[in-house]
Amino acid sequence: MNELEQEEWLDRQLREAGPYIDDDGFTARVLASLPVTRREPQWLRAMIVLGLALIGTAMAYFLSGGGSLVRQGVIQMADFPIWLLLVFAFGCGLVVGAFAVIFAIRKTPEIRDLTRLDF
Amino acid sequence: MELTDADLVARVLADDDQHAFGELVRRHQSSVRGLLRQLTRTDVALADDLAQEAFLRAYKNIRSFRGEARFSTWLYRIAYNCFREDARRRKELVGVDEDQWQAEQDPQTVDPGLRHDLMHALSLLPLHERTAVVLCCQNGLSHDEASRVLEIPLGTVKTNVLRGREKLKRTLAAWGPN
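Residue numbers (my numbering), protein chains in the order written: chain A, 12 to 130; chain B, 17 to 194.
No wet-lab data here; the hints were simulated from the structure. Think of the CB as a built atom: it goes at the ideal place given N, C-alpha and C, for glycine as much as any other residue. Hints may contain errors.
Not close to chain B: a few residues of chain A, all C-beta gaps over 10 Å, as computed [stated by the list, open to error]: (1) A28; (2) L42; (3) G67; (4) G76; (5) R82; (6) Q83; (7) I93; (8) L97; (9) V98; (10) F101; (11) A111.
Okay, the calculated beta carbon distance ranges per label pair [as the list claims (entries may be wrong)]: (12) A:P46 x B:D160: 31 to 37 Å; (13) A:V85 x B:T20: 45 to 51 Å; (14) B:T20 x A:L42: 16 to 22 Å; (15) B:R79 x A:G108: 21 to 27 Å; (16) B:T20 x A:D35: 21 to 27 Å; (17) A:G62 x B:L143: 51 to 57 Å; (18) B:L29 x A:E14: 45 to 51 Å.
Whenever a hint applies, use it, and build me the whole structure from the sequences.
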């Protein structure tokens with residue numbers, strides 16, 4: 012008996028010793044544990060969000076007297092000292108950046124598992 | 017015509033089709049549960065719990081399956097990660113449920129005495145060698161696929177398979193072909 016024959020024999024025994032395991036309700040248990048399927052298609056959800064955003068924008072425009080509130084706000088901000096505007100811009104950037112990082116981690120399972128963060 | 021794994025994954029991705037995912041579970045449950053039973057030293061209940069967790073994770077993260085490897089390889093990787101995390105939590109592996117293991121073997125194909133010795137010899141291998149032998153010799157993965165599943169270098173997989181095989185051959189010398 013040579014080396015190759017011995018290895019082939021061992022591999023064959025290993026394959027045959029690992030028989031098919033009957034399902035025995037396993038698949039049903041897995042399916043029962045899956046999260047509930049969201050039936051709405053992606054495009055419908057996108058349209059709902061877009062529609063709500065447009066309605067909200069239109070309401071804000073008309074309720075603020077054709078955008079006068081925004082104009083006043085910009086004029087007031089122009090009077091602020093430059094350092095305060097820079098701090099404000101930097102803060103906004105930080106908040107947006109933090110949300111982007113959280114979103115990216117949630118969408119990337121490898122990084123999520125690596126960082127062991129749960130949010 | 018039978019749908020391929022890739023077709024079924026595409027259906028799950030497109031329509032959240034749980035029936036398609038169920039078919040994937042049916043196709044791969046035996047090999048995933050078999051692998052986990054080997055890793056947990058044939059603790060059937062624990063292995064099935066881990067297998068269920070693995071399939072649940074696969075469903076939740078199916079968008080991260082890019083089709084670069086076989087679906088089964090991707091599943092094995094998830095199952096192996098489930099096992100590693102559980103082992104880390106428990107700090108120790110549980111014992112052998114020999115009776116239940118024996119009851120599930122098919123007595124027609126392999127000599128029961130040989131099977132018993134083979135499984136016993138396999139369970140005595142260190143975890144890294146046992147895992148490599150089960151993936152490559154029993155489940156038919158290539159060394160490259162096993163290195164992706166275990167996230168270790170290709171050379172380490174080859175070494176672990178070689179060492180594991182050598183130990184099994186020594187232990188089973190009396191059973192070898194004449």
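Consistency of the hints with the structure:
1. At roughly 5 Å, the least C-beta separation between A28 (chain A) and chain B is not larger than 10 Å, which violates its mark as non-interface.
2. Listed as a non-interface residue, L42 (chain A) fails to keep its Cβ farther than 10 Å from every Cβ of chain B; the least gap is roughly 5 Å.
3. For G67 (chain A), the requirement that its beta carbon stay farther than 10 Å from each beta carbon of chain B is met, with the minimum near 29 Å.
4. No beta-carbon of chain B is positioned within 10 Å of the beta-carbon of G76 (chain A); the least distance is around 45 Å.
5. Every CB of chain B is more than 10 Å from the CB of R82 (chain A) (nearest about 44 Å), matching its label as outside the interface.
6. With a cut of 10 Å on Cβ distances, Q83 (chain A) stays outside the contact zone with chain B, its closest approach being about 45 Å.
7. Distance to chain B confirms I93 (chain A) as a non-interface residue, since its nearest Cβ pair spans about 45 Å, more than 10 Å.
8. Chain B leaves L97 (chain A) outside its interface by the beta-carbon criterion, the shortest separation being 39 Å against a cut-off of 10 Å.
9. In this structure V98 (chain A) is separated from chain B by more than 10 Å, as the shortest Cβ-Cβ distance comes to about 39 Å.
10. At roughly 34 Å from the closest C-beta of chain B, the C-beta of F101 (chain A) stays outside 10 Å, upholding its exclusion from the interface.
11. No Cβ of chain B comes within 10 Å of the Cβ of A111 (chain A); the nearest lies about 19 Å off, and the non-interface call holds.
12. Range check, P46 (chain A) to D160 (chain B): Cβ separation about 33 Å, and the 31 to 37 Å hint holds.
13. Hint check: V85 (chain A) to T20 (chain B), Cβ distance near 58 Å, so the stated range 45 to 51 Å is violated.
14. Between T20 (chain B) and L42 (chain A), the C-beta spacing of about 21 Å keeps the proposed range 16 to 22 Å intact.
15. For R79 (chain B) paired with G108 (chain A), a C-beta distance near 24 Å keeps the hint of 21 to 27 Å intact.
16. The hinted range of 21 to 27 Å is satisfied by T20 (chain B) and D35 (chain A), whose Cβ atoms lie roughly 25 Å apart.
17. In this structure the supplied range 51 to 57 Å holds for G62 (chain A) paired with L143 (chain B), their Cβ-Cβ distance being about 55 Å.
18. In this structure the hint that L29 (chain B) and E14 (chain A) lie 45 to 51 Å apart at CB holds, the actual value being about 46 Å.
The structure is inconsistent with the numbered hints 1, 2 and 13, although it conforms to all the rest.
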